[in-house]
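Generate coordinates for the entire structure from the input sequences, incorporating the hints supplied.
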Amino acid sequence: MTPEPIGYSADAVDPSRPVVEGHEGADYYALMTEALHKILLEKQVLAPADTDRVIAALEAPNVTWGARIVAQAWKDPSYKARLLADGSAAAREMGYTIKEAKLVVVENTAALHNIIVCTLCSCYPRSLLGQPPWWYISKNYRARTVREPRAVLAEFGVAIPPPMEVRVHDSNADMRYLVLPKAPLHTTERPFEDLVRLVTRNMLIGTELVEPYR
Amino acid sequence: MSDNADKGPPYRGYHDIGGLPGGPVACVERPFDDWQKLSEAIRGALEQKNRTVSLDEIRRVFESFGEHLYETLGFYERRAEALTILLTEKEIVTREEVLARMDAIAAARGQRVDHAARTVEAT
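Residue numbers (our numbering), protein chains in the order written: chain A, 940 to 1153; chain B, 1077 to 1199.
If you're looking for bench data, these hints aren't it; they were derived computationally from the structure.
Heads up, some of the hints might be wrong.
Said to hold, decoys possible - A few chain A residues that face chain B, going by a derived Cβ cut-off under 10 Å, partial list only:
#, residue
1, 965
2, 969
3, 994
4, 998
5, 1027
6, 1031
7, 1070
Stated by the list, open to error - With beta-carbon atoms standing in for the labels, derived distance ranges:
#, chain 1, residue 1, chain 2, residue 2, range
8, B, 1105, A, 1126, 22 to 30 Å
9, B, 1109, A, 1028, 18 to 26 Å
10, B, 1172, A, 1152, 51 to 59 Å
As the list claims (entries may be wrong) - Here are the computed lysine to aspartate or glutamate pairs in the EDC-like style, where the Cα-Cα straight-line distance is at most 16 Å:
#, chain 1, residue 1, chain 2, residue 2
11, B, 1113, A, 998
12, A, 977, B, 1173
13, B, 1113, A, 1046
14, A, 1038, B, 1123
15, A, 982, B, 1092
16, A, 1041, A, 1094
17, B, 1166, B, 1132
18, B, 1113, A, 1015
19, A, 977, B, 1179
20, A, 1019, A, 1046
21, B, 1125, A, 991
22, A, 977, A, 991
23, B, 1166, B, 1133
24, A, 977, A, 989
25, B, 1113, A, 991
26, A, 1121, A, 1104
27, A, 982, B, 1173
28, A, 1041, A, 1113
29, B, 1125, A, 989
30, B, 1113, A, 989
31, A, 977, B, 1172
Just so you know, these numbers come straight off a predicted model, no measurement behind them.
Glycine residues also receive a C-beta, built at the ideal position from the N, C-alpha and C atoms.
And the structure:
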C-alpha cells in the first residue's frame, strides 16, 4: 500500500487565517481507545500490566518536583549555576530523571522574562511536571505566543513592563524548557519547603509571576 | 506536491501554526481523563515493547492525516486517531475490527456510534 502524500495545505500557509481550536470527538475516541486496548490484549500484543505500568509512570511526576528544583536554585547559587549550565544533570542531582529530552532552564531576571511554548506539537517536560495544562496544548496558545507574547501574558494577568525583554522558547522533540522564576526576597532565610510552596506550574512555564515586575 | 511546488518554498504543514492569528487563550484547567491516560499508556507500552511504535511515528501520522481532522479534533483525540492508523499500517489491527468492536461495546451500553460524525449517542 502506498502511503498517502503528506497533506500540505495552501490554507495552512495563509498567514492571515486564524487557527481553528477544535476539540471534538472525546466520546468517540474514548470508545476507540477502549476497543483498541481490548483487541491488543486479546491478540496478546499487550498484557494488562504493560499499560498499568505506563499509567503509573504518567501519574508520578508532578509540579512539586519542578518547584523543588527552583527552590534549590533560589537557596544555593552554585546549584543555580549548574542548573542553568545543564538542566538535565542538575535535575538528576535532585533525583529527577528527565527521560524525554534535554532539559534547558531559563532564568527570569529584572530585565528578562521567559515564556515556554511548543508551536508544532505540545512538547513539555512531562517526566518532571506531568501532563501539560489544557491551555498549553491549545492551538491559540501555540499559534499566538511566538507572535504576541505580551498579549498572551496579559490574558494570564501577567504584565511585563515595556523596558523588559520577553523571550519565547519554542520546545521541540529534543529540548524541553523550564523557567526559573525570579526569586522573591530573603530566600536564604526562608525555609526550603516554604519556597517550594510558592512555586506553581504556571510559573515554571512563564505564565505566572512569584511577584509582579516593577 | 506539485501544487505546493508552484507556490515555492517554504512548504509549511498544517500543524506548523506558530505565528498564525488565533483567539483568546482559554486559561482553564481540564482533568487528564482516564481514556486519555489509557491512550497515552497504550502508545507508551507499545513503544517500550520492541519499539512497536514511536512518538515520532505518531506525529508523522497526525501531521499528515489531513487538515480537517487536525482542525476539528482535540489533542488527545488526534493522537488516538493516529495510533489506530499507525497500528493499521503495521498490520497489527485492522480498522474494520476496531470499528466493529466500538459498535459492539456501544450496543451493549444502549449506545450507537456514528463513525462519519465521530460521535457516540444513546439509542
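Status of each hint after checking the structure:
1. The interface hint given for residue 965 of chain A holds, since its Cβ lies 6 Å from the closest Cβ of chain B, which is under the 10 Å cut-off.
2. Interface hint at residue 969 of chain A: satisfied, since its Cβ lies 4 Å from the closest Cβ of chain B, which is below the 10 Å cut-off.
3. With a cut of 10 Å, the hint placing residue 994 of chain A at the interface with chain B holds, because the nearest CB-to-CB distance is about 5 Å.
4. For residue 998 of chain A, the interface hint holds, the least distance from its beta-carbon to any beta-carbon of chain B being 8 Å, beneath 10 Å.
5. Hint status for residue 1027 of chain A relative to chain B: violated, with the closest Cβ pair at about 18 Å, above 10 Å.
6. Hint status for residue 1031 of chain A: violated, given a least beta-carbon distance of 21 Å to chain B, over 10 Å.
7. For residue 1070 of chain A, the suggested interface contact is upheld, since its CB lies about 5 Å from the closest CB of chain B, less than 10 Å.
8. For residue 1105 of chain B paired with residue 1126 of chain A, a C-beta distance near 28 Å keeps the hint of 22 to 30 Å intact.
9. Judged by the Cβ atoms, the range 18 to 26 Å given for residue 1109 of chain B and residue 1028 of chain A is violated: they are separated by roughly 35 Å.
10. Between residue 1172 of chain B and residue 1152 of chain A the beta carbon distance is about 58 Å. The supplied range of 51 to 59 Å therefore holds.
11. Annotation: proposed proximity of residue 1113 of chain B to residue 998 of chain A holds, straight-line Cα distance about 9 Å (limit 16 Å).
12. Only pairs whose Cα atoms come within 16 Å are accepted, and residue 977 of chain A paired with residue 1173 of chain B is accepted, the gap being roughly 11 Å.
13. This hinted pair does not check out: residue 1113 of chain B and residue 1046 of chain A have alpha carbons roughly 32 Å apart, beyond 16 Å.
14. A distance of roughly 14 Å separates the Cα atoms of residue 1038 of chain A and residue 1123 of chain B; the hinted pair therefore holds under the 16 Å criterion.
15. Pair hint residue 982 of chain A plus residue 1092 of chain B does not hold up; C-alpha atoms about 37 Å apart against a cutoff of 16 Å.
16. A C-alpha spacing of about 30 Å is found between residue 1041 of chain A and residue 1094 of chain A, which places the hinted pair above 16 Å, so the restraint is violated.
17. Between residue 1166 of chain B and residue 1132 of chain B, the direct Cα distance comes to roughly 15 Å. Compliance with the 16 Å bound is thereby established for this hinted pair.
18. Under the criterion of a C-alpha separation no larger than 16 Å, the hint pairing residue 1113 of chain B with residue 1015 of chain A is inconsistent with the structure, at around 37 Å.
19. Distance restraint check for residue 977 of chain A and residue 1179 of chain B: the Cα-Cα separation of roughly 13 Å lies within the 16 Å cut-off, and the hinted pair is therefore satisfied.
20. For the hint linking residue 1019 of chain A to residue 1046 of chain A, the alpha-carbon distance of about 9 Å falls within 16 Å, and the restraint holds.
21. Of the pairs offered as hints, the one joining residue 1125 of chain B and residue 991 of chain A holds, with about 14 Å between alpha carbons and a cut-off of 16 Å not exceeded.
22. The suggested pairing of residue 977 of chain A with residue 991 of chain A holds, with an alpha-carbon distance near 14 Å, which does not exceed 16 Å.
23. With a C-alpha separation of about 11 Å, the suggested pairing of residue 1166 of chain B with residue 1133 of chain B holds against the 16 Å cut-off.
24. Between residue 977 of chain A and residue 989 of chain A the CA atoms are separated by roughly 13 Å; this keeps the pair inside 16 Å, and the hint holds.
25. The suggested pairing of residue 1113 of chain B with residue 991 of chain A holds, with an alpha-carbon distance near 10 Å, which does not exceed 16 Å.
26. About 14 Å separates the Cα atoms of residue 1121 of chain A and residue 1104 of chain A, which keeps this hinted pair within 16 Å; it holds.
27. Taking the CA atoms of residue 982 of chain A and residue 1173 of chain B, the gap is about 12 Å. The hint holds against a cut of 16 Å.
28. Simply put, residue 1041 of chain A and residue 1113 of chain A have alpha-carbon atoms about 6 Å apart, close enough for the 16 Å limit, and the pair holds.
29. With a C-alpha separation of about 9 Å, the suggested pair residue 1125 of chain B and residue 989 of chain A falls inside the 16 Å cut-off, and the hint holds.
30. In summary, the hint linking residue 1113 of chain B to residue 989 of chain A is supported, as the alpha carbons are separated by about 13 Å, within the 16 Å threshold.
31. About 14 Å separates the Cα atoms of residue 977 of chain A and residue 1172 of chain B, which keeps this hinted pair within 16 Å; it holds.
Violation of the numbered hints given earlier is confined to hints 5, 6, 9, 13, 15, 16, 18; the remaining hints are satisfied by the structure.
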